[in-house]
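4 protein chains.
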Amino acid sequence: MPLMKAAVFVEKNRIILADKPIPDIGPLDALIRITTTTLCGTDVHILRGEYPVEKGLTIGHEPVGVIEKLGSQVKGFSEGQRVIAGAITPSGHSFACLCGCASQDGPDTPHGFRATGGWKFGNLIDGSQAEYLRVPDAMANLCAIPDHLSDEQVLMCPDIMSTGFSGAERGDVKIGDTVVVFALGPIGLCAVAGARLKGATSIIGVDTVPARMNVARSMGATHVVDFKQVDVVAHIMAITGGRGADVAIEALGTQATFEWALRVLRPGGTLSSLGVYSSDLTIPVTAFAAGLGDYSIVSTLCPGGKERMRRLMEVVSSGSVDLKPLVTHRFKLDDIEAAYELFAHQRDGVLKVAITP
Amino acid sequence: MPLMKAAVFVEKNRIILADKPIPDIGPLDALIRITTTTLCGTDVHILRGEYPVEKGLTIGHEPVGVIEKLGSQVKGFSEGQRVIAGAITPSGHSFACLCGCASQDGPDTPHGFRATGGWKFGNLIDGSQAEYLRVPDAMANLCAIPDHLSDEQVLMCPDIMSTGFSGAERGDVKIGDTVVVFALGPIGLCAVAGARLKGATSIIGVDTVPARMNVARSMGATHVVDFKQVDVVAHIMAITGGRGADVAIEALGTQATFEWALRVLRPGGTLSSLGVYSSDLTIPVTAFAAGLGDYSIVSTLCPGGKERMRRLMEVVSSGSVDLKPLVTHRFKLDDIEAAYELFAHQRDGVLKVAITP
Amino acid sequence: MPLMKAAVFVEKNRIILADKPIPDIGPLDALIRITTTTLCGTDVHILRGEYPVEKGLTIGHEPVGVIEKLGSQVKGFSEGQRVIAGAITPSGHSFACLCGCASQDGPDTPHGFRATGGWKFGNLIDGSQAEYLRVPDAMANLCAIPDHLSDEQVLMCPDIMSTGFSGAERGDVKIGDTVVVFALGPIGLCAVAGARLKGATSIIGVDTVPARMNVARSMGATHVVDFKQVDVVAHIMAITGGRGADVAIEALGTQATFEWALRVLRPGGTLSSLGVYSSDLTIPVTAFAAGLGDYSIVSTLCPGGKERMRRLMEVVSSGSVDLKPLVTHRFKLDDIEAAYELFAHQRDGVLKVAITP
Amino acid sequence: MPLMKAAVFVEKNRIILADKPIPDIGPLDALIRITTTTLCGTDVHILRGEYPVEKGLTIGHEPVGVIEKLGSQVKGFSEGQRVIAGAITPSGHSFACLCGCASQDGPDTPHGFRATGGWKFGNLIDGSQAEYLRVPDAMANLCAIPDHLSDEQVLMCPDIMSTGFSGAERGDVKIGDTVVVFALGPIGLCAVAGARLKGATSIIGVDTVPARMNVARSMGATHVVDFKQVDVVAHIMAITGGRGADVAIEALGTQATFEWALRVLRPGGTLSSLGVYSSDLTIPVTAFAAGLGDYSIVSTLCPGGKERMRRLMEVVSSGSVDLKPLVTHRFKLDDIEAAYELFAHQRDGVLKVAITP
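Protein chains in written order, with UniProt numbering: chain A, 1 to 357; chain B, 1 to 357; chain C, 1 to 357; chain D, 1 to 357.
If you are wondering where the hints come from, they were derived from the structure by calculation, not from laboratory data.
Errors might be hidden in some of the hints.
25 Å max Cα-Cα, derived SDA-like pairs, lysine to any residue [unchecked claim]:
{"no.": "1", "chain 1": "B", "residue 1": "75", "chain 2": "D", "residue 2": "77"}
{"no.": "2", "chain 1": "C", "residue 1": "5", "chain 2": "C", "residue 2": "131"}
{"no.": "3", "chain 1": "B", "residue 1": "75", "chain 2": "D", "residue 2": "114"}
{"no.": "4", "chain 1": "D", "residue 1": "75", "chain 2": "B", "residue 2": "111"}
{"no.": "5", "chain 1": "A", "residue 1": "55", "chain 2": "A", "residue 2": "44"}
{"no.": "6", "chain 1": "B", "residue 1": "324", "chain 2": "C", "residue 2": "174"}
{"no.": "7", "chain 1": "B", "residue 1": "174", "chain 2": "A", "residue 2": "114"}
{"no.": "8", "chain 1": "B", "residue 1": "75", "chain 2": "D", "residue 2": "124"}
{"no.": "9", "chain 1": "A", "residue 1": "174", "chain 2": "D", "residue 2": "100"}
{"no.": "10", "chain 1": "B", "residue 1": "20", "chain 2": "B", "residue 2": "82"}
{"no.": "11", "chain 1": "B", "residue 1": "332", "chain 2": "B", "residue 2": "152"}
{"no.": "12", "chain 1": "A", "residue 1": "174", "chain 2": "A", "residue 2": "234"}
{"no.": "13", "chain 1": "D", "residue 1": "174", "chain 2": "A", "residue 2": "218"}
{"no.": "14", "chain 1": "A", "residue 1": "174", "chain 2": "D", "residue 2": "144"}
{"no.": "15", "chain 1": "B", "residue 1": "324", "chain 2": "B", "residue 2": "149"}
{"no.": "16", "chain 1": "D", "residue 1": "20", "chain 2": "D", "residue 2": "242"}
{"no.": "17", "chain 1": "B", "residue 1": "55", "chain 2": "B", "residue 2": "24"}
{"no.": "18", "chain 1": "B", "residue 1": "75", "chain 2": "C", "residue 2": "241"}
{"no.": "19", "chain 1": "B", "residue 1": "75", "chain 2": "C", "residue 2": "242"}
{"no.": "20", "chain 1": "A", "residue 1": "174", "chain 2": "C", "residue 2": "174"}
{"no.": "21", "chain 1": "C", "residue 1": "174", "chain 2": "B", "residue 2": "144"}
{"no.": "22", "chain 1": "A", "residue 1": "75", "chain 2": "D", "residue 2": "242"}
{"no.": "23", "chain 1": "C", "residue 1": "75", "chain 2": "A", "residue 2": "218"}
{"no.": "24", "chain 1": "C", "residue 1": "12", "chain 2": "C", "residue 2": "342"}
{"no.": "25", "chain 1": "D", "residue 1": "332", "chain 2": "D", "residue 2": "45"}
{"no.": "26", "chain 1": "B", "residue 1": "5", "chain 2": "B", "residue 2": "318"}
{"no.": "27", "chain 1": "B", "residue 1": "69", "chain 2": "B", "residue 2": "23"}
{"no.": "28", "chain 1": "B", "residue 1": "12", "chain 2": "A", "residue 2": "286"}
{"no.": "29", "chain 1": "B", "residue 1": "12", "chain 2": "B", "residue 2": "47"}
Okay, the calculated bits of chain D under chain B, using three or more residues with CB under 8 Å as the criterion [as the list claims (entries may be wrong)]:
{"no.": "30", "region": "73-84"}
{"no.": "31", "region": "95-101"}
{"no.": "32", "region": "161-168"}
{"no.": "33", "region": "300-313"}
Positions of the beta carbon are idealized from the N, C-alpha and C atoms, including for glycine.
Work the whole structure out from these sequences, hints included.
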């Protein structure tokens, strides 16, 4: 049985590089030889034991690679093709998928919904921080990379870009909107780009790290606010001339950012939540106009599937969003433990790390 | 200066019938002689001092009447016409109105949003529990009553029906949906009717008062659940075969109902909130799938304006919803203090009270 | 090789019952033993050579049956289960499916759209007017029939009900809308039911056959108009008090009905087209307000997939729509040629014909 | 009675500069002193007698100016303010406005729809090619110009930009869409900009005038196609790799462009029509997939109202769309007849003409 290198969750605070068998594939699967992958904030939650996964699982959900082998029933692809797959890999045939809710895919109930069930890589099955990856339901999930795009150019598509953009999409950003993005990590930065892509004319980024605030400006933020320097809510109300924001995007997963997002909204506005929360949230009654303010709060798990990947790569191809500044560091798979060390502690201005086997 | 009778807020726990001047009207206003009005749960909040209004204000926001006098600039109506106006009276010309958010109408900010600013009657200006009522922006708000409809048949249109239906509308109920309605007061009962009108095939009403549960069945509930008898969430998950609800409508304004509503949703489902909350709300992290469940939480203030009133009266005319069971008691305006006494204590199975001057 | 009976297209004006091999199935397919099926107007188009299909093809796209055999990769179903499948059987994994356009499924272009490509049964592959049927992509398409529903009760779900309802859904019928349905064959009757299910309060059915007009009333039409007796457009404008219809549903496929549909719309209204047209259509410039009337014209091919089937069976279960009056005649498969003779000539007040092997 | 200069329609092929009384205003109106206005293709239709208006009417619907006088009931504005108003001036209080269809505003039917009734300036009432303009329903329609924007910078907002953008908005352009724009006059150029603003990644402009094709590139077109040089449909299908366009925007008003727009759509795509048609349109049955292609055809009249104007000026302020290249010529009001001569014959590469009194 041939072996490969893979980053494996051993126990809380221990992800190590280990030898594992190269995955077998079934008739609907594909085997991908990974050429580039990356680490995600969610992987750090897993590392710290904040998000539970099984011991021995290979981590990672952002694959760029080459098709090594196709299942017997997979049509429309060929071995040797360069491809990506989304972090979320919907089957296409579940009740959830057919109900327009593919990220909540799954077989657990008779009618097929399972919260976050579409997120399989590095969560329910072995993930992409390895030399090889099994992609389930390959026909719904593989997407060929245009020749003129490099691995790094499409590395953000599987998760960061799809999630960030979805913050603007689910918030239904319209031409002329004012949008505030809370937290300018990679997801928040892509939310800024997504808001700009959808026609927002005033985009206010909130963070406290100068480097991130600068990248935000380069990706479309018209204002940046340092939450340590000012009263965030009052400052944003002033920027907007007292009107408030049409859409506020939460991209961190904390009570403070969630609550600010609600408080800066104009009545009738939308809080679009992308963060992963680790504790209960409070909706202050005043910020919610006692239930009478026509507010909406929407949450979104990263959209996946090959059509989504195709569109995101179209965005990259068009040059309208430049994600190169997001890849700040590069590591070999052999050094992934060092990459986790750097990334988990947010050292050296790290945004995203490219990992190559 | 001619006087009229009006129900006036004097201080906490005191609404009395008093003499007040018949209102003057401006060029865009209409003066309505009230023929029927009613009390709302919100009026009870005002009575108890839980919702602050100015002392001396006339209470009430559900007018049925006859045009007594039209402002000089009002076209399209004639004196003597029977009309209703919505509880919410948008101007039609504010930034909020033109932004699709008419209930949040208002002049307070340069760009015109004011939380709940469209709710004027019995809140910002004198209300309908009186012999006469000034209707602002009459052209946007008056709607002629079809001759074949009685006052009582249209009495629910200004608020109860508009609010209840909006619970189903904002939840975007679709053909074949499962909808749960939490609390079966008049608003919740209209939410049941609205869910049925929009094609829900499984409608689960939750309350504990048998009479209300029976009315719910007559208005379209396919199941009723007594929250004192069963574990509500487990019971509803069982009724839905483990799938959960597509839409859950909160029609009370408490943490318990809000939280149940969230917990019975399938991933990707929508909590449509109609209640008026008097304290902060908690979103349990587990019920929210840590932010990854594609959930939506939407809140709605009663839609108003004459087109809304026209449509609701069309529903009444069509016979598809019968709201007669909601008017359980009738009082003369002279006896409105007794009506408050009965209604505030929810005595004698009261649902709605018709008040006639 | 075991044989079965099947209704086969031989040449223009000849569909005959013939012996054909029972279909083989692949890993993703299911073999269904048909227990009930029916004829559709589209099948008559095929019979007459107006819609081209290959000679030797088995006709029919409305299957009710029992799972005889499951492909090796099909999970979530068991042999012996009673099931239906939609007339349209999307794969779930094409670009079209993942783009929200499943009826236009298909592998013909690199990015996967093919006009009407989701319609496979009796069009691209052998259909349901036979003893056995191969269902492709079974996991996306099979849906278990609740025990308490008979074959005839669910016989309209695969096509007639799904198509008719989609007329109201794509027209975005709202509570209080006025809807006109042109042609009251089975599809038009289901469009009437769909408009009612979505909250239309005024539903005007247009036809000239008294029996159909009567069924329309029983399914929710508030008015019926005989186009041979009155000036249709003037009459409908009068019924609507000069306002016109919010939505007009075309359910036949002719210039006359299409044009009437456009002419009865209020400015800003939607023409929702369900008909199959055999020649070019004209949009009269006056009916289109020279392009300045904010009109929408939308066309829809029957939505399929198991979630759609589940929801439609929920509607049947709920009792809110009764389609029993639509099945007017019953034939054995052995007599299907006589059934075609009756149905193609619309004899004896036929609406739909149940065929049982 | 003080007089002013105004461009008046006298008879077919004659618009002349004449003296007319400065308009009186009512309580809800405002009088604007025009500082800049422009000519529109629609004005040329009026000149040629192709669009009928009353003799003696002042032409023009694109006003930039200063508030000279406010009606007694107008609040929220002050005399001397620089303002624009949209080409379409909805009242805010009609049934049409309250039904979400403000451009079809009007009092003609009891329920208030009138095709194109929101277009008043230079159509139903005197227009903007004059020294002074009466703006009806001023509170709904005036919008203050930010100090840092010049007249010419906001001159496209009232019509060209609002109409062009609406082509992309009504087509519901999404991130990653392919959009084709047919005809690259000022409206089509703004449709290109609108498609880009909403996230289209492939934008194909079709025309034959090199200068317009160049401006299209500068406004976001990724491809331009000269319809005289190639087979338009085949060429666009090739550019899109056989997939076709998600959205096709018609910006001229002819059968050829309408039909091309339909033929380049992918199944399920949307034809968004902006053109003013002078004769009947044909939908070829093959281009419409016989009604089974899930196509949508939507038409739009320029959205107006002060919120729309505010948002469009925000777009100008943000710098994301630069419309300066559209103003190619400048004339004094005294020379407006020469401006019509140039503009009507499309001489000298004219796109838009700024007129200053």
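*Which of the numbered hints above does this structure break?*
Per hint list: 16, 23, 26 and 32 violated.
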